[in-house]
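Here the protein sequences come in this chain order: A and B. With this note's numbering as the guide, the letters of the first sequence map in order to residues 568 to 1034. With this note's numbering as the guide, the letters of the second sequence map in order to residues 1105 to 1191.
Don't take each hint at face value.
Unchecked claim - Below, simulated SDA-like cross-link-like pairs (lysine to any residue); rule was C-alpha separation at most 25 Å, straight line: (1) A:Lys1033 <-> B:His1148; (2) A:Lys997 <-> B:Val1176; (3) A:Lys576 <-> A:Asp740; (4) A:Lys1007 <-> B:Gln1134; (5) A:Lys997 <-> B:Ser1118; (6) A:Lys1007 <-> B:Asp1120.
Calculated directly from the structure, the hints in this document are not laboratory data. If you're wondering where the values come from, they're calculated on a predicted model, not measured in any experiment.
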Amino acid sequence: MSKLVSSLKEAIIAAGLKDHMTISFHHHLRNGDYVLNMVLAKAAEMGIRDLNVNASSLFDVHEPVIGHIKNQVVTGLEVNYMGQKVGRAISEGILEKPVIFRSHGGRAGDMENGSAKVDIAFIAAPCADNMGNMSGKYGPSACGSLGYAFSDAMYADKVVVITDYLVPYPLQDCSIPEGYVDYVVCVDKIGDASRIVSGTTRITRDPVGLRIAWLASQVVKHSGYLKDGFSFQTGAGGASLAVAKYVEEMMEKEKITGSFCMGGITGYLVSMMEKGYFETILDVQCFDLSAVASIRENKRHREISASRYASPAAKSSAVDSLDVVILGATQADTDFHVNVHTDSNGNIMGGSGGHSDTAQGAKLSIVAAPLIRARLPLIADKVLCRSTPGETIDVIVTQRGIAVNPRNQELRETLVRAGLPVKDIQELKKIAEDMAGVPKEVACKGRTVAKVLYRDGTLLDTIQAKS
Amino acid sequence: MEIRKNAAAGTLESSDIFICVEPYDQLSVQIQSVVQEQYMEAIHHTVFQVLEEFGVKSGKIRVNDRGALDCVIRARMETAIRRGGSR
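Isolated chain B, as found in the complex:
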């Protein structure tokens, strides 16, 4: 998928994650998390895995994690990509 418009998913509530996607000529991913000391590697891994699953090769992806479980990160990522992207 290609990110063609700005879109977002999630919230900044505790245990949730807020994800923004916007069109960009290359792939740029920014991640911040309240649990970065404990889980940054895991969050990074999941975010890139979902991007790969959807074939997203460009776009500006901003991730603000408030301690979401892995399944929540996946769901929010997928929603943001589907909202902002097209095949």
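Chain A with its partners taken away, still in its complex shape:
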């Protein structure tokens, strides 16, 4: 018996793809992914229509989705994140049915509890054998962790593995085992390696970013969580990595050994583990080449599924054991609600990812962002989209001061005693508006183009078209 089929078309036929089905994809190949476009193009060519696409994320490389929506090949989208190009088209109203946005944990949870049903999962696998044992750690398109693909493999009715690096059975170090897989197809290339992971992720040199990062690290220091066993998540962008650097300096000085770091993993976090500042890395997604090398070679660098990472349907997940998370925001409001779905004009350009998962799970959730970006104040009276509820955000750190959620008076007093520039959130808002002027309110008066589900599946907010 072999599950190997000779072409993508054959795999699609064998898996029984028909009109109105839901198909799923993971986004570990990020902006280098060829697989989602390849499958949709083939489905379109075969005359299949009315597909519901559940993709853990859509990047700019997935722009052809717009054409498939216009041709009615795709009539539904469910994502955790959506890049600017597809996001703009959705905001313009090209898709009749509202997009369903989930968080990374919420997607896994909804697959587990059956509310997000998938007919066929098409899983891009950087390495696989003929029975479908697969891994992201090897091959020319290696992406490291396959964290988001586990739920797809476990809960879809049919599973098609698409690889460009077929190895003899058995693939020794497999992430997702053959028991879930129906068909395997080998194609020329599943992705553009240079766009899958970045070469290096560097720490910002922007003085504003460094100031924000330093203040955020001071919040971590005085919060009381920075002690042996400390667990930590930070992003890859902007100031986030600089927070890691300052935290590392404090851990070195105080001789602290943390338990784990998590999230999108970069070389910087790998080096912190290697230097002994963290016992282990729990990796749902690799962001750069050194993270990919590390997950392949270092036993302390563990791959975890999106469910293990953050599923609210699981009996527990790693976010529940997280001490501190550093988060970004495109917008926040005076109730501490955070928007990571739209830009300040209300156009879709992002999504939760693990934002709302970690904010709820972590003991201390810190939003670190510049008070003003291109004249636009960070803090509004009301965010254009509520991506993460304010009651799960503890602190907002900007270069001009730190606002502490009034729900956390004790922390506020601690930070004041430590001499940090704690300000009321209304005061921060006013500082920005004194510099930039009060922005005219942006109106999004059109029909609902997206629904944002909270990690437990309840409706958090809707996103309206511009007009």
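Assemble chain B onto chain A, guided by the hints.
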């Protein structure tokens, strides 16, 4: 001041503004901005205020704003006018 030659000031970096001035027989001002939904009135007001302060009554003024603060708009406007104009 009168705009007598083509001149420019600023950049297209985020939070900056790029301004071009050139001689023209009447006053023509074109403004585009990444924050036009929020701040078009304020930008318009500042641009015309600086033109008035320098007594610029003619010229083609093209403004491409990338989210500059008011003080930056003023500084870039003044620089472009001084570079392109004479008394």
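Here is how each hint holds up against the structure:
1. The hinted pair formed by Lys1033 (chain A) and His1148 (chain B) meets the criterion: a straight-line CA distance of about 23 Å does not exceed 25 Å.
2. In summary, the hint linking Lys997 (chain A) to Val1176 (chain B) is supported, as the alpha carbons are separated by about 20 Å, within the 25 Å threshold.
3. Using a Cα cut-off of 25 Å, the hinted pair Lys576 (chain A) and Asp740 (chain A) is violated, with the two alpha carbons roughly 29 Å apart.
4. For the hint linking Lys1007 (chain A) to Gln1134 (chain B), the alpha-carbon distance of about 20 Å falls within 25 Å, and the restraint holds.
5. For the suggested pair Lys997 (chain A) and Ser1118 (chain B), the alpha carbons sit about 22 Å apart, so the restraint of at most 25 Å is met.
6. Between the alpha carbons of Lys1007 (chain A) and Asp1120 (chain B) the distance comes to roughly 20 Å, so the proposed pair stays at or under 25 Å and holds.
In terms of the numbered hints stated before, the structure departs from hint 3 and from no other.
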